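*Asks:* Residue strings, one per chain:
There are 2 protein chains.
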Amino acid sequence: MSARPLDSLFAEGPKVLNLGLEKFAASLAREGAPVAHVEWKPPAGGDVRAIAALDRIASRARVDVDAANAESVRRILAAKPTVVGIGVAKDVVPGMHRKLVLHAGPPVAWKDMSGPMRGAVMGGLIHEGLAKTPAEAEALAASGEIEFDSCHHHDSVGPMAGVMTASMPVWIVENKAFGNRAYCTLNEGLGKVLRYGAYGDEVQERLSWMRDSLAPILAEALKMRGPIDMTTVIAQVLQMGDEGHNRNRAGTSTIIRELAPHLVMVDAPKSEISKALAFLNANDHFFLNLTMPSAKCAVDAAAGIEGSTVITTMARNGTEFGIRLSGLPGRWFTGPASVVEGLYLPGFTAADAARDIGDSVITETSGIGGFAMAAAPAIVKFVGGSPADAIDVTLRMYEITLAESEQYRIPALDFRGTPTGIDARKVVETGILPAINTGIAHKEPGVGMVGAGLVKPPENVFRDAVIAFAERYA
Amino acid sequence: MSARPLDSLFAEGPKVLNLGLEKFAASLAREGAPVAHVEWKPPAGGDVRAIAALDRIASRARVDVDAANAESVRRILAAKPTVVGIGVAKDVVPGMHRKLVLHAGPPVAWKDMSGPMRGAVMGGLIHEGLAKTPAEAEALAASGEIEFDSCHHHDSVGPMAGVMTASMPVWIVENKAFGNRAYCTLNEGLGKVLRYGAYGDEVQERLSWMRDSLAPILAEALKMRGPIDMTTVIAQVLQMGDEGHNRNRAGTSTIIRELAPHLVMVDAPKSEISKALAFLNANDHFFLNLTMPSAKCAVDAAAGIEGSTVITTMARNGTEFGIRLSGLPGRWFTGPASVVEGLYLPGFTAADAARDIGDSVITETSGIGGFAMAAAPAIVKFVGGSPADAIDVTLRMYEITLAESEQYRIPALDFRGTPTGIDARKVVETGILPAINTGIAHKEPGVGMVGAGLVKPPENVFRDAVIAFAERYA
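Top to bottom, those sequences are chains A and B. Quick note on numbering: the first sequence equals residues 1 to 474 in the numbering used here. Quick note on numbering: the second sequence equals residues 1 to 474 in the numbering used here.
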């Protein structure tokens, strides 16, 4: 550096360090000036209320937020999700009854429901025998006679539309470390299925067979085998190219091999047991409905910690995306559900796509799924992008999380633990949004799946949550 | 550069580019001279006869070696290994008879056999009812009454000791593109097993059960399912953290899920079918004995191409490592089997280890196994090293191979095809030896597995092969 900076400026020209907007750097570079560009965005995207809230939490919180978060994270990491059985929703899911339809995401009224969710509700009502035709089902749903509620209000989660009705079989997953349970229906496969909004005969026949044959057979085999420790299974499948959300080939394989020796012994016709095994073999997503309640019961144990900014729920209903914070139990912060960027099945395009939908983002909330994409480079064939992108996604998530899993490790990152415990403050501060990979439903009821991809949640939900947290705690 | 180099040398001191031995660079650096070091080794390690052979092949070959190699590689890449059945060795393996014992690696006489191979031979003779005790078996093996031969001379391969006797069940894998077949016994699991040289009651009971119950049940299920296209299965498992040799969890899972729906339907006691499925679930290496004959029938189709330097066999018998070239069919080039560098099971050390043994290196010969380690970062927990090492191993193998697989792709390398078709010339020229990962047997007969690791073949076999090739063709 010259002792007389102005002299040297005119003698040597400027050397520029450019912060933020890249186009200034580009202009200077065009003029031949040496310029280095540094990525910079103002905290909270420059949102004054959010910045003030972050400041107040940092300087004037009535609680020790870091200690509260440490406890939330400790609980998530200590979870022991264990598959203990298969039951019927009305017998095991708290508050379930014949005229209640549970759905994915934050609460939403019939009139505001997206196409695929309406389709799934109609299909569920037909499945329950409450309506005979789609038209009857639609009328019944609109009549006010049917109660709707979020799966999350009933210790449950559902992929895509996430519709659960009273007679559906459900996985029962118990968090052995804390005693809480979570429930989820059994996975129907891809394509024309209820959770993607289809409701026709094919869907109805499959749902009936799952209730009457598949579920009782699996339930008996599971009883013979004994509970399945999901922490161990998920840890293994992350070494086998699954990420715990949209790539489930290793997980489904693991469930098949663990149950098969017992399935053979079930007291049922051979042909039905064989059909069950063939169904599992043909449906690589079968495992998803086991990781979801596993994730759900892990993060549920971290809910309600006074003063914690850890996100314990993320969920979408196709209309809105919602989150809940540990320290603000029961309160949803919502924003409009986003459009998914992804790959489409033959014959479909982005014009066919419903908006972001489903509770499966509970996997990301617990630190796997999109957060563990580096473990599953082959997933890019399903959701788009390159294996290098998959690694970048995971690396970015370490910036908005508080801990690394001891159990769930990523081979490609030298067995680093998955990024776990999303801090809403960090999301707002950095502007880095949780990475979510997801299926894409058709926007109209009755069609089904059209693709899969990556989606960004709406930024406002994180800012609103932090502002509300500051109001409550600072 | 100065116009008067000597002047500038004395004025500015030397700037050194150091080739080869690194210690010269280190001395210069210590003196403060600017020095850049370039890795360099003389071709063929400076072996004058090998260099001369390479020169003669390059300048005076009577055949178009590159065209011949292109044909070898085309055949390896076009292979369609397909599991078509399970048979009994004496019924299906060419030349098999009651007093013949097949073994891994190049041919070896009883007196020269390593401990684990002697143990496995003894166990095989007891299994056949030709001897009652280990002492009797040892005496019989030494008596001259028993014929020994390399599995490879009978279209077969065997892991570790690779012992196959007449009544053992074998996988039948057919190369649907060329019509040739390969055979391999069924995998017994890890630990105290015949192929690692154990022969006691536990081993005998398992072998009898495999012959009398497991194999007939699997054979019937396979018949019901129909042939298994191994190209598709291997391609899938490389997306699931297997590399096709020592990590087989995805492969074994795949075989279980493909066979399970049919196993249920087999006309056998439920309890025996359940036992078969439990055995498969407890033995992640079960798939190895399917990849091996798949690899074998792929490279066998490339053997005997006039003028080809492609390596079509690599194999070890615990005493010697041997290779065969496509263009020199039937000729083995052998050298002393190496010591394996690896991880040991609790209670064992390198002092317990037998030398490199087994035909499983046929997987590497065909372009998977060690050559595909980048697909299986988690394998380092079994064989040692880091995930970055696993990637380096694969990258190095591209330097000694002629092609990249269209089918077998590595997610972590952006779906690059596995390095396929080892050119003996390239191995000699570069000094880069084929990367092999392997199990480690105890050096004494009767013990079993003690660990797993990586091993380098002896360099001389490649040089000897190239010299012999030059004598024949140039």
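Be aware that a few hints might be false.
Because identical chains cannot be distinguished in the list, a pair is counted as satisfied if it fits within a single copy or across any two copies.
Unchecked claim - Result set (SDA-like, lysine to any residue): computed pairs, CA atoms no more than 25 Å apart in a straight line: (1) Lys381 / Gly226; (2) Lys270 / Gly226; (3) Lys132 / Glu459; (4) Lys381 / Ile228; (5) Lys270 / Ile51; (6) Lys270 / Lys426; (7) Lys176 / Val63; (8) Lys275 / Gly144; (9) Lys111 / Gly189; (10) Lys80 / Ala282; (11) Lys192 / Lys270; (12) Lys80 / Lys381; (13) Lys176 / Ser338; (14) Lys111 / Gly347; (15) Lys456 / Met224; (16) Lys381 / Asp229; (17) Lys132 / Ala350; (18) Lys192 / Asp91; (19) Lys90 / Gly46; (20) Lys80 / Glu471; (21) Lys381 / Arg409; (22) Lys223 / Glu202; (23) Lys90 / Asn281; (24) Lys456 / Glu444; (25) Lys456 / Gly431; (26) Lys426 / Val339.
For the record, the hints were derived by calculation from the structure and aren't laboratory data. Since this is a predicted model, take the numbers as computed values, not measurements.
*Asks:* Confirm or reject each hint.
*Replies:* Do the hints match the structure? See the list:
1. Lys381 / Gly226: Classified as neither; 35 Å inside a copy, 28 Å across copies.
2. Lys270 / Gly226: both (22 Å within a copy, 19 Å between copies)
3. Lys132 / Glu459: This pair counts as neither: shortest intra-copy Cα distance 42 Å, inter-copy 76 Å.
4. Lys381 / Ile228: between (30 Å within a copy, 24 Å between copies)
5. Lys270 / Ile51: neither (64 Å within a copy, 66 Å between copies)
6. Lys270 / Lys426: neither (54 Å within a copy, 56 Å between copies)
7. Lys176 / Val63: neither (29 Å within a copy, 70 Å between copies)
8. Lys275 / Gly144: neither (39 Å within a copy, 54 Å between copies)
9. Lys111 / Gly189: neither (28 Å within a copy, 59 Å between copies)
10. Lys80 / Ala282: between (29 Å within a copy, 23 Å between copies)
11. Lys192 / Lys270: For Lys192 and Lys270, neither the intra-copy (27 Å) nor the inter-copy (35 Å) Cα distance is at most 25 Å.
12. Lys80 / Lys381: between (31 Å within a copy, 24 Å between copies)
13. Lys176 / Ser338: This pair counts as neither: shortest intra-copy Cα distance 35 Å, inter-copy 49 Å.
14. Lys111 / Gly347: neither (29 Å within a copy, 68 Å between copies)
15. Lys456 / Met224: neither (42 Å within a copy, 47 Å between copies)
16. Lys381 / Asp229: between (29 Å within a copy, 22 Å between copies)
17. Lys132 / Ala350: This pair counts as neither: shortest intra-copy Cα distance 32 Å, inter-copy 72 Å.
18. Lys192 / Asp91: neither (28 Å within a copy, 48 Å between copies)
19. Lys90 / Gly46: neither (48 Å within a copy, 79 Å between copies)
20. Lys80 / Glu471: Classified as neither; 34 Å inside a copy, 67 Å across copies.
21. Lys381 / Arg409: Both, since 22 Å and 12 Å are each at most 25 Å.
22. Lys223 / Glu202: So Lys223 and Glu202 fail the 25 Å test inside a copy (30 Å) and across (30 Å) alike.
23. Lys90 / Asn281: Neither: 28 Å inside a copy, 34 Å across copies.
24. Lys456 / Glu444: So Lys456 and Glu444 pass the 25 Å test inside one copy only (22 Å; across, 60 Å).
25. Lys456 / Gly431: within (11 Å within a copy, 50 Å between copies)
26. Lys426 / Val339: within (24 Å within a copy, 52 Å between copies)
The earlier numbered hints that this structure contradicts are 1, 3, 5, 6, 7, 8, 9, 11, 13, 14, 15, 17, 18, 19, 20, 22 and 23.
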